[in-house]
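If you want the building blocks of each chain, they are given just below.
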Amino acid sequence: MLRYFFLVSVLMGVEFAQGQQVDVKERTLSNGMKLLMLERHHSPTIAGGWVVRVGSVNERPGITGIAHLFEHMMFKGTPTIGTRDAKRDAEIINEQERVRDAMRLEEAKMRLALRRGEIGDLQKPENKTPRYRELEVEFNNLIKEQREVLVKNEFDRIYTTAGASGMNAFTSNDMTGYFITVPANKLEMWTWMESERLLSPVFREFYAERDVVFEERRMRTESTPLGKFQESLEALFWESHPYGWPVIGWPSDIPSISKAQADEFYSIYYAPQNITLVLVGDFKVDVAEQLCEKYFGRIPRGEKKLPEIVTAEVTQKVEKRMNAEAEANPQVDILWHSPASGHPDSRALKVLAAVLSGRSGRLHKSLVLGSKLATSAFAQQMSRKYAGMFNVGGEAKEPKTPLDVENAIYVEIERLKNELVSGRELQKVKNNFAAMAVRRTSSNFHMLLQLIQYEGVVGWKAINTEIPSILEVTAEDVQRVAKKYLTKENRTVATYTRKAGVKVPDDPALAGLSADQQAVVRRISSQIKSEKNKERLQQQLKTMEEQLGQAGDKQKGLMNIIMVKIAERLAELSK
Amino acid sequence: MLVLVLVPCLIQAQEIPDRPEKLKFSPLVYDPPSPIDYRVEMPSGAIVYIYPDRERPLIDLSVNIRGGSYLDPDGKEGLAALTGYLMARGGIPSKPADELDEELEFFAARLSSSFSGLNGSVSLNLLSKDADRGFEILRAVLAAPSFQQDKLDLRKTQVIQGLKKRNDDSSSIESRERNFLAYGNDFWFNRHPTTASIETIRREDLLEFHHRWVNPKNFIISVSGDFDRDEMLKRLNRMLDPWPHEGRLAPDVPQRQQYGKPGVYIVDKDVNQGRVSIIMPGIRWDDPDYYAIQIMNDILGGGGFTSRITNRVRSDEGLAYSARSFFPGGAFYPIVFRAGFQSKSRTVVFATSIVLEEIKKIIEEPVKAKEILTAKKSFIDTFPNNFSSPAQVVSQFASDEMIGRFSKQPDYWVKYRDRIDVVDIAAVQRVAKKHLNLDKVIVLIVGQKQSILDGHPDHPIDIKRLTAGKVRELPMRNPLTMQPEK
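Note that the protein sequences, when read in sequence, are chains Z and Y.
Quick note: the first sequence uses our numbering, first residue 1, plus one each step.
Quick note: the second sequence uses our numbering, first residue 1, plus one each step.
Check before you lean on any hint, since a few could be wrong.
[Said to hold, decoys possible] Straight-line C-alpha distance at most 25 Å; calculated BS3-like pairs for lysine-lysine:
no.	chain 1	residue 1	chain 2	residue 2
1	Z	529	Y	76
2	Z	534	Y	76
3	Z	499	Y	164
4	Z	532	Y	76
5	Z	228	Z	124
6	Z	365	Y	156
7	Y	164	Z	565
8	Z	565	Y	24
9	Z	499	Y	165
10	Y	165	Z	228
11	Y	165	Z	400
12	Y	368	Z	499
13	Y	449	Y	361
14	Z	124	Y	361
15	Z	385	Z	34
16	Y	22	Y	76
17	Z	532	Y	156
18	Y	464	Y	165
19	Z	152	Y	22
20	Y	361	Y	434
21	Z	365	Y	151
22	Z	152	Y	368
23	Y	370	Z	152
24	Z	372	Y	156
25	Z	152	Z	259
26	Y	24	Z	294
27	Z	228	Y	164
28	Z	529	Y	164
29	Z	529	Y	156
30	Z	400	Y	164
Derived from the structure by calculation, the hints contain no laboratory data.
Just so it is clear, the structure is predicted and the values come from calculations on it, not from any experiment.
Please model the entire structure based on the sequences and the hints provided.
Put into structure tokens, the structure is as follows:
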């Protein structure tokens, strides 16, 4: 259950900040697996999940995307779930791997042909070698044979038939999380199912699932307006750090990851000492603990040493920039290197981001309301396990450009370096952080997700310590981190302009006018529309009619449009 | 809510069985909350669903308003949305918008307002200690928003610039064109805002829209959190009574929908994955076949990994990340059946043929007992999820009130599980035959036209034979006028 406490801040100006303690019970099972439990009895359900401390950061070139592909494979069953004949199923999987080894030899030939310029895209079906196609037929026959003994998606069916819902998982740079909601009387079902797939997963249908992941890549990254550019931006931003490759994996790597590589990955990272179980909902802590020990405790402790991430980001020495022509409105996205999640400066940067954000934040006030350079602007500190990113961006209000917005953002950044943030601004953002602690317990599932995310980065206890430590950040801290991190040589900038050739026709009445002229027409029309004095409008119309004769061709177009707008307004007023 | 769960004893003494079916579970008895216990009719005509809950020092309130963009006057498309957005963002008599934003953010309150197609809402979430000031602001936002001219101008600029993005993402093109094909050009939600319509909207239009439709007769309020029930009702009463404008009751939603000509429609867009929607005429939620249709659709493509479309398109063939079907049952008009997926250009036609094959199969052959059991359990045993928190209870009931479920079937939730439970194999086949009409199938594809038509050498499928109709190309629309190009 949850209880309240009042947190007295050391800061002048913040008298009270109300926080909320999340009363998690932590246990360690006999094999080193951690268990977090939070009882909540609102509804007869339990959100259950677990987090593995492995993500794309643990990969290497050649197998990028394996952590995520592996996450997909964890739903394929066990020796007893997913097949009617475990022995035959295992034999077929071995035969499939034999064929795949031969196919990999052909893939190597295809890559050679690509390097020699003999073929183009490796993904194009016409570019496969004849031998590869033969092998593909052989492989597909084995798939057909496997379907004879396969029980399709049985893992999911058992859960669904038991009334479980929302089964899913995610992979990030730092972690992989799995979760589901079960009825309160099915806690033992959860311990059975989850421990079984951790103990002996079977990676059947591996290669079809690899294709599914490639479709996921097309869906999220390749066929969205900004996906491919955001991927480029991160690759540009991180020079040496393994955060530089995308979680979903490079397009060359996804279709070449082998089942053997997945087996190896499992044996290193899916060890009990690298996993934390999380339960939130309607259960009793002692019962849950006993069940978890009984089921998860049978998984043998991993024998391999978990490799340490040693590659750190090199210190950036020069500003990096990219300009993308995209099917998108003009905008700018700026990233600065910032410290890892566990570093105290990441909290000062969170406060700094909050000072800039929101409807009464500095960016909105100055860029959207003040200079009217932008239609929107944002700031955020993104803290990951090994390093962070401070991010500010905004969309330019046409005909203003991404550069205009970028420069206005720097003015605000410089202000933060030169002047201390006011007491009231600081208190405002702290009030919001304090309220965040109160708001976060909306549902069992959301609580579970937050525990998983804290646990996967800095440990779950941060759910209770992070906000109090944010409330201790001072105006001097904010100024110090602005000076330390938000420098020119520490940033990478992406500007986006609308791709030439992708036509975005304007108001038909404005066609043929330059962007500046369009802006003039818009401004004048809005004045005209708010004009209530008919006589003044008629006088204007008359003056313009007189001037029209002497006007140049370009001006004529502009004047004609304005005259039409005045006439429309007059008609409106005469109604 | 009655909850009874018996816990298993002597956990360690028992062996771990080899199959999960061998586990024994205590029964779980669950009675849903009854709307009557939370519902209050206010003297002003507003309906309130109220649920005190002291777990957190927060109040969560939503004023749902009948009416929406279906009430936009011709030529002023976008008026409801602008009015909705600016109620909370355009200032109040006692305070200009910027100062109001400053004050609300200072006490960490969240206030927002909007109007979508069929209804509007003004939502307030704040710490209970700030309730007095919060409700004062809420009253002003609801009854006398200022609609400051500068805020209207800013919002219009943002909206017009936003219109330019309409063709950037293939998914926006897909959902827009699907609605044109499913409901016709004259249907209210296919009247899109354009640069011209936004530019003609004036402050007076917002005031008129507000005075006409935003009044307690159109309000359904859901409120939960840290308060005393009677005090909150008094507070709400003071907020709603008296009201400054006479106002009108929102009229019925117009029914001018027209389903399109069967066939395949392609929008040419340069992305390497095609997006596909397969549609057929649909139903309303109060259709007597609704429950059997829910089971049928769950087996066909609604149930995720336990459904046939996902199994074949995703798991078997690796052709899509997401492949599903929807048969929701509309509240104010019949909502079409829809199946959809995204696949690389060369396998779009092949994957479409698989989905159509599965639709045909569920019409022609009875489903398996195991499938029907899974589908029913997925509705019946997850039933408590509909009421997992006080906020969810009141918002569920407010939504029922909005769509007329409370007036038509006040015992809807009490009977729900039994109505699902009686669906059998014959019923599933009967509703599949009756409601899945392959002669009417429309397939919409957004993607690289030429690669899609090239198809895949291993799966040569003739696109012309997918449906009863022709294969046509749909022109891209001008994002600012919504008129088809060329």
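Here is how each hint holds up against the structure:
1. 529(Z) - 76(Y): holds (15 Å)
2. 534(Z) - 76(Y): Judged against 25 Å, a Cα distance of about 23 Å means the pair holds.
3. 499(Z) - 164(Y): Cα-Cα ~13 Å, so holds.
4. 532(Z) - 76(Y): holds (20 Å)
5. 228(Z) - 124(Z): Holds - the C-alpha atoms of residue 124(Z) and residue 228(Z) are around 20 Å apart, at most 25 Å.
6. 365(Z) - 156(Y): Given pair residue 365(Z), residue 156(Y) holds - Cα atoms ~18 Å apart, limit 25 Å.
7. 164(Y) - 565(Z): Status holds; Cα separation ~23 Å.
8. 565(Z) - 24(Y): violated (77 Å)
9. 499(Z) - 165(Y): holds (12 Å)
10. 165(Y) - 228(Z): Answer holds: residue 165(Y) to residue 228(Z) is near 17 Å, not above 25 Å.
11. 165(Y) - 400(Z): This hinted pair holds, its Cα atoms lying about 17 Å apart.
12. 368(Y) - 499(Z): Violated. Residue 368(Y) to residue 499(Z) sits at ~52 Å, over the 25 Å cutoff.
13. 449(Y) - 361(Y): violated (29 Å)
14. 124(Z) - 361(Y): Violated, at about 32 Å.
15. 385(Z) - 34(Z): With Cα atoms ~19 Å apart, residue 385(Z) and residue 34(Z) stay inside 25 Å; holds.
16. 22(Y) - 76(Y): violated (63 Å)
17. 532(Z) - 156(Y): holds (20 Å)
18. 464(Y) - 165(Y): Since the Cα atoms of residue 464(Y) and residue 165(Y) sit roughly 32 Å apart, the hinted pair is violated (cutoff 25 Å).
19. 152(Z) - 22(Y): Holds, at about 20 Å.
20. 361(Y) - 434(Y): With a Cα-Cα distance of about 14 Å, the restraint between residue 361(Y) and residue 434(Y) holds, given a limit of 25 Å.
21. 365(Z) - 151(Y): Distance of about 13 Å is within 25 Å: holds.
22. 152(Z) - 368(Y): holds (14 Å)
23. 370(Y) - 152(Z): holds (12 Å)
24. 372(Z) - 156(Y): The given pair, whose Cα atoms are some 13 Å apart, holds under the 25 Å limit.
25. 152(Z) - 259(Z): holds (20 Å)
26. 24(Y) - 294(Z): Satisfied, since the Cα-Cα distance of roughly 16 Å is no more than 25 Å.
27. 228(Z) - 164(Y): holds (20 Å)
28. 529(Z) - 164(Y): holds (23 Å)
29. 529(Z) - 156(Y): Roughly 13 Å separates the two Cα atoms, so the pair holds.
30. 400(Z) - 164(Y): holds (15 Å)
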